[in-house]
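**Q** Chains as they are written, first to last, in this note's numbering: chain A, 1 to 301; chain B, 1001 to 1301.
By construction, these hints were calculated from the structure, which means they are not laboratory data.
Treat each hint with caution, since some may be false.
Each pair of labels, with its calculated beta carbon distance range [unchecked claim]: (1) B:Pro1100 to A:Lys46: 53 to 63 Å; (2) B:Glu1176 to A:Gln177: 18 to 28 Å; (3) B:Ser1132 to A:Ala130: 28 to 38 Å; (4) B:Arg1064 to A:Ala130: 21 to 31 Å; (5) B:Asp1272 to A:Lys46: 35 to 45 Å; (6) B:Ala1015 to A:Lys105: 42 to 52 Å; (7) A:Ala3 to B:Ser1178: 46 to 56 Å.
Covered, in the sense of this in silico footprint (three residues per stretch, anywhere, with C-beta under 8 Å from a C-beta of chain B), are these stretches of chain A [unchecked claim]: (8) 82-91; (9) 136-148; (10) 281-292.
Simulated pairs of lysine-lysine, DSS-like, Cα-Cα distance not exceeding 27 Å [stated by the list, open to error]: (11) A:Lys295 to A:Lys99; (12) B:Lys1295 to A:Lys251; (13) A:Lys46 to A:Lys99; (14) B:Lys1295 to B:Lys1105; (15) A:Lys105 to B:Lys1295; (16) B:Lys1295 to B:Lys1099.
No residue lacks a Cβ here, since even glycine has one placed at the ideal position from N, Cα and C.
2 protein chains.
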Amino acid sequence: MTAADFDAWAGAQLAAVEDCLGQWVPADAPAHLGTAMRYAVLDGGKRLRPLLTLAAAHAVGGLRIASLRAACAVELIHAYSLVHDDMPCMDNDVLRRGKPTVHVKFGEAPAMLAGDAMQALAFEVLTPDAPSNPEATVPAALQAKLCGLLARAAGHAGMAGGQAIDLASVGRPLDEQSLRDMHHRKTGALLRASVMMGAACGDVDAAAWSALEVYGNSIGLAFQVIDDVLDVTQASDKLGKTAGKDVDANKPTYVSLMGLDAARRHAFELRDQAHSALARSALRDTVWLGLLADKVVERDR
Amino acid sequence: MTAADFDAWAGAQLAAVEDCLGQWVPADAPAHLGTAMRYAVLDGGKRLRPLLTLAAAHAVGGLRIASLRAACAVELIHAYSLVHDDMPCMDNDVLRRGKPTVHVKFGEAPAMLAGDAMQALAFEVLTPDAPSNPEATVPAALQAKLCGLLARAAGHAGMAGGQAIDLASVGRPLDEQSLRDMHHRKTGALLRASVMMGAACGDVDAAAWSALEVYGNSIGLAFQVIDDVLDVTQASDKLGKTAGKDVDANKPTYVSLMGLDAARRHAFELRDQAHSALARSALRDTVWLGLLADKVVERDR
């Protein structure tokens, strides 16, 4: 398997995701709400979460129409969280994915509403109306499973809870365990859910399910460690967002806690743990998941 | 059926809803997030939406454990929308249900996160983990149906879309059709969904389903007309929120459009339409739904 093979696979997946999001994020929602939603989610971002979902679905031979919906739903949750995170009462950021943030472009109230509507839309996408042909839709039990996984990842025990800890931790010393707990929720929960929602689209035994959870946890944490590394080593124009914010805000990071070199080494250890988990899973084709674990730690933005 | 019978029924339903919300809204979510969520949703509000869900479930002989979850989920969506609506970038309100609003009490960022986590929690509540006894849970197909109804009511085509129109309409003349369209989404969609989610918990034929949709639309609109009436006729201490805000904000209302007496008459016509729809539904016991339609137009707060 070459880098070109991965790029071809990922390019095809992202084209499908972009096409679906373009159809499902409404252009005609009232009072420019749809315009703000589309601005927030279309044509931007690394799309790591949808790729994780589709790579996991590939590994388990998952139902394609379900995994595409799951991939778009996780991206909608991720994109809504960025819109709310960037608002003046949170991180007060003006630059995201190289563009003005949603509240800078559309105003604060429309940004809050667009985020709220995007969270709802994620669950709409997971519960398609029954078509005349039942084989063209997602089985109801799978719809329910996907909604449950996504809601738990997005809510108080996951992303929103992690953001609350993050808010409360500015200027306070956190030890590595507390920092890990925060990131386990804040970014880890949705990354893990991206993997598990893809896995739910196929038949997986308990051992493979557990192995994929370990994989999801490892790359989730690795992603955050690398985020902290990039925050101090990369310029804003490369990142597409404001660099150095964590240091400026006196937020605890893996770099401030471990130092730059140890943080980088830790990310590579986590990648190795992810690879080991895939090997243990005994799933038939985990090549894309393995390469995504590499991408997570090798990325430069 | 006497008023005392209704009060006894409603009291028992509300005690059950309060008990479930007390269990399901986490006290232990990190960094006071759970405290803010509980403050926003427990011990307050008229609980009209849960009562509509449980009355509709009663009318169709719906599954009790499902209708209780549906009732709590719609209330969580309603309560989160109030938290976000009250924020400085939206209505900038300081008083709600007779208490300081969530952002006044906890700060803006915690209020936004609490609202976000409450929306996610609504979908968690609708997708309970599988217990050892399958009869003690909500069938997966019903979970999916309830998630789909709620997501569509909360999102761009429903509540969030209506709020976007509302924001864009301040100081602009709206005709009755536009005002109706806004309220159909902003408050109507969730009130209608409250009824339909209750109906989904039982077996309903297409004719009864349609009749309940008409009932839901009628009381949804009647609720808003009466809201506009109360905004000009009641004092803040009675309403538990700031009165006269719509007039002050130069927002279009049914009262500004029709005059006070005509608005009141319109609300009573809508109640009559709701009663007619129930009669057409041929459902076995619509007495609570009928009395709730009366309560909607006869309320004084």
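**Q** Now look at each hint and say whether the structure bears it out.
**A** Evaluation of the provided hints:
| no. | hint | result |
| --- | --- | --- |
| 1 | B:Pro1100 to A:Lys46: 53 to 63 Å | violated, 41 Å |
| 2 | B:Glu1176 to A:Gln177: 18 to 28 Å | violated, 60 Å |
| 3 | B:Ser1132 to A:Ala130: 28 to 38 Å | holds, 30 Å |
| 4 | B:Arg1064 to A:Ala130: 21 to 31 Å | holds, 25 Å |
| 5 | B:Asp1272 to A:Lys46: 35 to 45 Å | violated, 56 Å |
| 6 | B:Ala1015 to A:Lys105: 42 to 52 Å | holds, 47 Å |
| 7 | A:Ala3 to B:Ser1178: 46 to 56 Å | holds, 55 Å |
| 8 | 82-91 | holds (count 4) |
| 9 | 136-148 | holds (count 7) |
| 10 | 281-292 | violated (count 0) |
| 11 | A:Lys295 to A:Lys99 | holds, 24 Å |
| 12 | B:Lys1295 to A:Lys251 | violated, 52 Å |
| 13 | A:Lys46 to A:Lys99 | holds, 14 Å |
| 14 | B:Lys1295 to B:Lys1105 | violated, 31 Å |
| 15 | A:Lys105 to B:Lys1295 | violated, 43 Å |
| 16 | B:Lys1295 to B:Lys1099 | holds, 24 Å |
In summary, the numbered hints that this structure violates are 1, 2, 5, 10, 12, 14, 15.
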